[in-house]
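Visitor: Below are the chains, spelled out letter by letter.
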Amino acid sequence: MPRYGMVIDTRKCVGCQDCVIACKTENNVPVGYNRDWIVTESHGKYPNIQMEIRTERCNHCSETPCVSCCPTGASHIHDVGGVVLITHEVCIGCKACVQACPYDARFIHPDGYADKCTFCIHRVEEGLKPACVEVCPTYCMYFGDLDDPNSEVSILLQSRKWHVNLPDAGTQPNIFYLT
Amino acid sequence: MNSLSRRKFLKISGATIATAAVLASSAKSIVNAAENVTKKNGLQIIPSYCDLCFWKCGLLAYVKDGKLWKVEGNPKDPLSNGRLCPRGTGGVGAHYDTERLKSPLIRKNLRGEEKWVEVTWNEAFDYIADKMNKMKATYGPEAMALFSHGIGGNFIKHLLRAFGSPNETAPSFAQCRGPREVGFELTFGDVVGSPERTDIENAKCIVLIGSHLGENMHNTQVQEFSHAVEKGASIIVVDPRFSVAASKAKYYLPIKPGTDMALLLAWMSVIVNEKLYDADYISKYGNGFEQFAAEVSQYTPEWAYIETGIDPELIRETAREMVRYKPATLIHPGRHATWYGDDAQRSRAIALLNALMGSWGRKGGFYVPYSYSIPKYPYPSYPELMKEPLDNPNGKYPFATGEQISTGIREATITGQPYPIKGWFIYGTNLMQALPNRDETIKALQNLDLMVVVDVIPSEIAGWADVVLPESVYLERYDDLNASPFREGFVGIRQPAVEEPNDQKPNWWMAKKLGEKLGLGAYFPWKDIEEYLDIRLKLAGHSLTEIKKEGIIKGPKKPIYYDNGVEPEFLTPSGKIEFYSTQLAKAGFDPVPRYTKHPEPPVGYFRLLYGRAPVHTFSKTQSNPILADLMSENEIWVNADLAEKYGMKTGDRIKLKNQDGVISDPIKVRATERIRQDCVYMVHGFGQKSRQLRSTYKKGASDAELVTKYNTDPLMGGTAMNVNFVTFEMEV
Ligand code: SF4
Ligand code: SF4
Ligand code: SF4
Numbered sequence: 008m009p010r011y012g013m014v015i016d017t018r019k020c021v022g023c024q025d026c027v028i029a030c031k032t033e034n035n036v037p038v039g040y041n042r043d044w045i046v047t048e049s050h051g052k053y054p055n056i057q058m059e060i061r062t063e064r065c066n067h068c069s070e071t072p073c074v075s076c077c078p079t080g081a082s083h084i085h086d087v088g089g090v091v092l093i094t095h096e097v098c099i100g101c102k103a104c105v106q107a108c109p110y111d112a113r114f115i116h117p118d119g120y121a122d123k124c125t126f127c128i129h130r131v132e133e134g135l136k137p138a139c140v141e142v143c144p145t146y147c148m149y150f151g152d153l154d155d156p157n158s159e160v161s162i163l164l165q166s167r168k169w170h171v172n173l174p175d176a177g178t179q180p181n182i183f184y185l186t
Numbered sequence: 101m102n103s104l105s106r107r108k109f110l111k112i113s114g115a116t117i118a119t120a121a122v123l124a125s126s127a128k129s130i131v132n133a134a135e136n137v138t139k140k141n142g143l144q145i146i147p148s149y150c151d152l153c154f155w156k157c158g159l160l161a162y163v164k165d166g167k168l169w170k171v172e173g174n175p176k177d178p179l180s181n182g183r184l185c186p187r188g189t190g191g192v193g194a195h196y197d198t199e200r201l202k203s204p205l206i207r208k209n210l211r212g213e214e215k216w217v218e219v220t221w222n223e224a225f226d227y228i229a230d231k232m233n234k235m236k237a238t239y240g241p242e243a244m245a246l247f248s249h250g251i252g253g254n255f256i257k258h259l260l261r262a263f264g265s266p267n268e269t270a271p272s273f274a275q276c277r278g279p280r281e282v283g284f285e286l287t288f289g290d291v292v293g294s295p296e297r298t299d300i301e302n303a304k305c306i307v308l309i310g311s312h313l314g315e316n317m318h319n320t321q322v323q324e325f326s327h328a329v330e331k332g333a334s335i336i337v338v339d340p341r342f343s344v345a346a347s348k349a350k351y352y353l354p355i356k357p358g359t360d361m362a363l364l365l366a367w368m369s370v371i372v373n374e375k376l377y378d379a380d381y382i383s384k385y386g387n388g389f390e391q392f393a394a395e396v397s398q399y400t401p402e403w404a405y406i407e408t409g410i411d412p413e414l415i416r417e418t419a420r421e422m423v424r425y426k427p428a429t430l431i432h433p434g435r436h437a438t439w440y441g442d443d444a445q446r447s448r449a450i451a452l453l454n455a456l457m458g459s460w461g462r463k464g465g466f467y468v469p470y471s472y473s474i475p476k477y478p479y480p481s482y483p484e485l486m487k488e489p490l491d492n493p494n495g496k497y498p499f500a501t502g503e504q505i506s507t508g509i510r511e512a513t514i515t516g517q518p519y520p521i522k523g524w525f526i527y528g529t530n531l532m533q534a535l536p537n538r539d540e541t542i543k544a545l546q547n548l549d550l551m552v553v554v555d556v557i558p559s560e561i562a563g564w565a566d567v568v569l570p571e572s573v574y575l576e577r578y579d580d581l582n583a584s585p586f587r588e589g590f591v592g593i594r595q596p597a598v599e600e601p602n603d604q605k606p607n608w609w610m611a612k613k614l615g616e617k618l619g620l621g622a623y624f625p626w627k628d629i630e631e632y633l634d635i636r637l638k639l640a641g642h643s644l645t646e647i648k649k650e651g652i653i654k655g656p657k658k659p660i661y662y663d664n665g666v667e668p669e670f671l672t673p674s675g676k677i678e679f680y681s682t683q684l685a686k687a688g689f690d691p692v693p694r695y696t697k698h699p700e701p702p703v704g705y706f707r708l709l710y711g712r713a714p715v716h717t718f719s720k721t722q723s724n725p726i727l728a729d730l731m732s733e734n735e736i737w738v739n740a741d742l743a744e745k746y747g748m749k750t751g752d753r754i755k756l757k758n759q760d761g762v763i764s765d766p767i768k769v770r771a772t773e774r775i776r777q778d779c780v781y782m783v784h785g786f787g788q789k790s791r792q793l794r795s796t797y798k799k800g801a802s803d804a805e806l807v808t809k810y811n812t813d814p815l816m817g818g819t820a821m822n823v824n825f826v827t828f829e830m831e832v
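Chains as they are written, first to last, in this note's numbering: chain A, 8 to 186; chain B, 101 to 832.
Mixed in with the good hints there might be a few duds.
Said to hold, decoys possible - Covered, in the sense of this in silico footprint (three residues per stretch, anywhere, with C-beta under 8 Å from a C-beta of chain B), are these stretches of chain A:
hint : region
1    : 26-40
2    : 44-55
3    : 145-151
To be verified - No farther apart than 25 Å at their CA atoms in a straight line, the calculated lysine-lysine pairs in the BS3-like style are these:
hint : chain 1 : residue 1 : chain 2 : residue 2
4    : B       : K476      : B       : K202
5    : A       : K168      : B       : K331
6    : B       : K476      : B       : K654
7    : B       : K745      : A       : K52
8    : B       : K356      : A       : K52
By construction, these hints were calculated from the structure, which means they are not laboratory data. All C-beta atoms in this analysis are idealised placements derived from N, C-alpha and C, irrespective of residue type, glycine included.
Bound conformation, chain A alone (with noise of 0.2 Å):
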C-alpha cells in the first residue's frame, strides 16, 4: 500500500505559478479560489537577501484534524495512497475542516462543499502525476511512494536537507521542501 507525497525542491522553483494554472484548468477550480499556492520568504537586508519560494497545497498528512473534526465523513481519507479527501455530496458545508487545517488549504466552493487538493488522484490513479507536477516548467516537483525506499521522492528526502511546513502542529505533513 503506497503512501502518497511531494517532494518540492525550492532551489529549482521560481515562483511562476505556473502549477496552480495547470491546478485551476485540471479541475475547474472556480476564479478567485485556489487548491495551491506560492509563498515566497525573504529575509535580509538588501543586498543581502536569502530567499526560499515554495508550492503550497494541502499536505495529505497523516495525522488530520480536517479528517477527525469532519461531522458527516466527507473528508476522509482515500484507500489508496493515504490521500485525504473531501466526498462532495456528503459535505454539508460547515467549514470545521476549513477551521482545523494548520495551513489554510481548505476553501468552500461556491457550489457549497468543502474544496482542496486531491492530489490529482483522478490522474495518479491513471497513471499519470498530478496537473501542476506534470506541467512544471522547472522540474522542480516530484511526486511518488514515500513507503517505498527507492522511489525517487524517497531517495531525493535520503540524499538532501529538507524541512516540512509547521513541523509542530503534530500533523505529521507528507509534502517536504528541498534546501
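Dock chain B with the ligands against the given chain A, drawing on the hints supplied.
Guide: Using the frame of chain A, we list chain B with the ligands on its own:
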C-alpha cells in the same frame, strides 16, 4: 530601386523569421479539423503551437464534449518538452475571454473616442480597399506601412508586399532586442536570434545582467536554467533588483542602474591583464585582439567601483569565477536590451566578454542553431518597389541592418519625410504600450488616412483605429508553419481545436479576402490555408495530413558546436571575431566599447525600471480571465527604507509623476528589501486605457505612459527607455 535596397528588403523578409467550468462558451469542436485526434471518453487531443508569447511552444489542446478544457505541452516538441509556461497553460482563457472583439468595427466619431459601428466583413474590406486604392493613386503603395508582431502576421505581410509597400516593422527590433542583435553581429557576424542560441542547459557558469529568467518565462530558457541550477552551475546575477534568479545565485551584484558597461569593461580588464582568456580560441578566430586589450586594460575594478558601487574584490572574484568554467561560461545576452542609448555597444561588450571565454560556438556557451528548411510557397514575385523603406533615411543609423526601425516609421508619419505615410496596418501589437512617448504615436496617427488594427481583444491601439478586424484566437485557427532556428530542426503546425465563438476570422482569410478586393488575387492562388500548408509541406516531402497527427515533424540531427563538426564562420569584414571593429571606427564610433556616464535621478526622483511577470505577456494577456485571476494589476517596488521615509506601506495606493510631469494611474506600493534605493520597478503591460476592455481599465499603472523620454542608440536607432525618473504622489 537600387540593388542595395532590394537586398535590404529581402533581408528583412528573411529575418521574420476559470476556467471552463464557470465560463460559458458557445464554442463547438471542429471534428474535421482534427481527423487524427486521439479519441478517449469523448476527449479529443489536438496538437498545435502556443501564441501567448512569441516562443511558439508545441501544445496539446484537450477538447471534452465539444468544449475546450485545457492545454498541455506537446511532449514531442523540443521547445516545451511537454511543459508550457504559466501563460501557455492559461491559454484557454484567451478563447473564453468575454471581452474579445466579436465583429468588424468602423469608427464613427473622432479617432480614439472608441465609438464604433458594427459592420460585415464585406463592408470592412470595401472600406479598407477603397482607402488603400486611393492612397496608392495619390501617394504610391509605399504610403501604407505595416506594424506586425508574431507569426500570425505572415499573411498580412504578404498582402502588403503584394500591394507594393516596403515599409514593414515590429517593435521587437528598435524597442527590444535590436541592440543585442547588432552588438553580436558586429562582433561575431551573426545575431543571437529567437529562440536565443544560448546553451544554458550545459553552461557551468551563467551570468545574468538584468535578465530575470524565471520572471521572464521564455519557456525553454527557464527549463534549461533549472537544469543548470540542479547540476550546480555557478550563477552570477547583476541587477539593481534582487530578482528570482538572484535567489539562485552564488554571487549577486547589486549594480547601480546605468553602469553595466563599467562592470563589463572592468571584468574584461581583469581577464586581459591577468591573461585568463582562451588564448587558443582568440588566436584562431579573433581579430584586433592587441588593440582591444590595450584599450580595455585601463578599466580597473577600483575605477568601476566608483561607477557601479560594486566592491572591486567582488569584480575580480566574479571575473575569475567565469574564467574557471570557460568555455562553458555563458554571459547571457539578455533580450529586452533598449536601456540607456549605448545599448548596441553594451551588447557588443557582452559579446566580447563571451569571446574572451571562447564560448561562442561552444558547449555551455552559444550553440549554432539550424532550422528545418521548408520551401516558401511559390508565389508570383512581388511588384518592383518604387521607393526604399523610410525608417532610416540616408542610413542615419548605419548599423540598423536586418530589420526596420518602428519609431523611424512613426517619425516619418509625423514629418511626411522623406515621403508621406498615410496608412498604418497594425497586427498583434499594442503600439500604445510598445513605443516610447505616447504623444508622438498619437500625433503620428492623426496624419493617417487609414488605420487598420487586427487583434483578438479591443486593445488600446485598436481604440485609435478606423477599422478594427477581430481575429480568431490561436486555438481556433491555422497559421503559417513554425520552423524556429534551434538545437534541432523541426516544423510545427498551428491548427484549430475549437471554433470561434462569434464572427472572428483567421488572419489568412482576412489577407486573402482583402487581397482579392484590392485586385491582388493572383498573390493568393490557394483555396484556403490547408491547401497552402499542404503545398509547402509537400515541397519538403511531407504533407498536412502527416503533420496534423502529432503537430511536429523533426528534421535530421546535426552538430551544433565547433567542437563536434560545425565549421566556424564569422560574417564580419575580417571574417573573424572582431575584438576591434574597423567598420565601427570608419563610421565614427568606438571600435572598442567605452564607458558613457548616464545622468542619475535628481534628488527626490528614482529611476523607473520595468520587467516581466511569469503570468503575462506584454500588454496582451491582462484580460485573459485565468491569468487575470492570478495577477490583475501591477505594483511599484520601492525599497523598504525609502518607503518608510516617505511614509508608504505595502498596499498603499500612490501615483507616480515623471520628470516631464506625466502622472500615472494609481498603483499599489510593494515595500521590499529586494531593490536599491535609487530606482523603482514595475511589471510592464498594466494601466491600460481601452474603455472597451473593462477588466484591464486603469488596473495598476503603465510604465509606457511614464516613458516620455527616450535616448536613441546612434548605431541602430533603438529607443532606450530606462532613462525616466519618477517621484511619488501620495494623494490619490
Ligand atoms: S510551476 Fe514549478 S517553478 Fe513554477 S511556481 Fe510552481 S513549483 Fe515553482
Ligand atoms: S496535486 Fe492536483 S489538485 Fe493538488 S495542487 Fe496539484 S494540481 Fe492541484
Ligand atoms: S513560452 Fe509560454 S507563452 Fe510563450 S509560447 Fe511557450 S508556453 Fe506559450
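Visitor: Each hint should be assessed against the structure and marked as holding or not.
Guide: Verification of the hints:
no. : hint               : result
1   : 26-40              : holds (count 11)
2   : 44-55              : holds (count 5)
3   : 145-151            : holds (count 3)
4   : K476(B) to K202(B) : 32 Å, violated
5   : K168(A) to K331(B) : 16 Å, holds
6   : K476(B) to K654(B) : 18 Å, holds
7   : K745(B) to K52(A)  : 16 Å, holds
8   : K356(B) to K52(A)  : 17 Å, holds
Violated hint for the displayed structure: number 4, the only one.
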